[in-house]
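Visitor: Residues per chain, in single letters:
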Amino acid sequence: MEEKELIKKAQEGDRNALAKLVKQYEQTVYNFAFKICRDKERAEHTMQETFLSMVKSIKQFSGKSKLSTWLYTVVSNHCLMMARSNKKHLHASIDDEDSLIDEKNITDWNISPQRIAENDELKDILNEAINKLPPDYRIVFMLRDIQGFSTEETGKAINLSVPAVKSRLHRARAFLRNELNNTFSYGT
Amino acid sequence: MAHSHEPTCKDVMNHICDNLGEDLDSPKCTEIKNHLEHCDKCQKYYQSIKITIQSYKTYQVKITDDVHRSLMDFLNLDDCEE
Numbered sequence: 001m002e003e004k005e006l007i008k009k010a011q012e013g014d015r016n017a018l019a020k021l022v023k024q025y026e027q028t029v030y031n032f033a034f035k036i037c038r039d040k041e042r043a044e045h046t047m048q049e050t051f052l053s054m055v056k057s058i059k060q061f062s063g064k065s066k067l068s069t070w071l072y073t074v075v076s077n078h079c080l081m082m083a084r085s086n087k088k089h090l091h092a093s094i095d096d097e098d099s100l101i102d103e104k105n106i107t108d109w110n111i112s113p114q115r116i117a118e119n120d121e122l123k124d125i126l127n128e129a130i131n132k133l134p135p136d137y138r139i140v141f142m143l144r145d146i147q148g149f150s151t152e153e154t155g156k157a158i159n160l161s162v163p164a165v166k167s168r169l170h171r172a173r174a175f176l177r178n179e180l181n182n183t184f185s186y187g188t
Numbered sequence: 001m002a003h004s005h006e007p008t009c010k011d012v013m014n015h016i017c018d019n020l021g022e023d024l025d026s027p028k029c030t031e032i033k034n035h036l037e038h039c040d041k042c043q044k045y046y047q048s049i050k051i052t053i054q055s056y057k058t059y060q061v062k063i064t065d066d067v068h069r070s071l072m073d074f075l076n077l078d079d080c081e082e
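Residue numbers (my numbering), protein chains in the order written: chain L, 1 to 188; chain R, 1 to 82.
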């Protein structure tokens, strides 16, 4: 059954259609929430709240945007709320945009992304790097670069101006690349 | 790029961080593209940014059966499982 049809049935009160929509998106929403929250329990809680919002307001869903876009908007804002209430974790300061690019620190990266994603040790390095990034930057990086939102869509989802999205994306990309550079550069 | 002088490596690297995935065919990007094509250092930087993004894209955290069940239970949809 096509997604549009499932949404229509769910709006008419068909619980099986609603369950199918949840199943269709639970993996992507959980994966997204985990990468922002950096904790399994918090990711699970955020995912539950996101789908509860969907269940409660599916009747109001107009279909003007994709359901996935709407879900990412909801999960992003739940993640940000969660992050703001959990200020114990210290993040790196990336205010100085200019210092993020060091021309002396350019090396060959002779490694495939697939190998990184399949190797537990390398996955830990990805985790460590993104963990240092403040959540406001993580969200922008995730929406824009990982989920493929446009700059405008990213700004709309988390209520940021286009220049603010661009600035955060710039810093997030440069910061993560620097963090991974020692491990992924040629010869290591 | 608003300047009339040739872009430096730092300009190009900043541009990569700003605009990767955006319209690199726009006229203002021509100088950047020309530089990138001929500069080994900037190509390496470009490649490293691309691998960074692709690595996070490829790395997926899988949902477990327990987490799935607890979600369906939380939403009162546990009786809708096929």
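FYI, nobody ran anything at the bench for these hints, they're computed from the structure.
Glycine is no exception: its CB is placed at the ideal position from the N, C-alpha and C atoms.
Treat the hints with care, as some may be off.
[To be verified] Mimicking SDA-like on lysine to any residue, the simulated pairs with C-alpha atoms at most 25 Å apart in a straight line are: (1) R:K41 <-> L:S167; (2) L:K4 <-> L:V55; (3) R:K57 <-> L:Q60; (4) L:K66 <-> R:K57.
[What the hints assert, rightly or not] Covered stretches of chain L, going by a simulated chain R footprint (3 or more residues, C-beta under 8 Å): (5) 5-12; (6) 55-65; (7) 75-81.
[To be verified] One-sided excerpt, in silico: chain L residues whose CB lies under 10 Å from chain R: (8) N31; (9) R42; (10) T69; (11) L71; (12) P113; (13) K132; (14) P135; (15) D145; (16) I146; (17) E153; (18) L160; (19) S161; (20) A172; (21) R177.
Visitor: Could you check the structure against the hints above and give me the numbers of any it violates, in ascending order?
Guide: Of the numbered hints given earlier, those the structure breaks are 3, 5, 6, 7, 9, 10, 11, 13, 14, 17, 18 and 19, listed in rising order.
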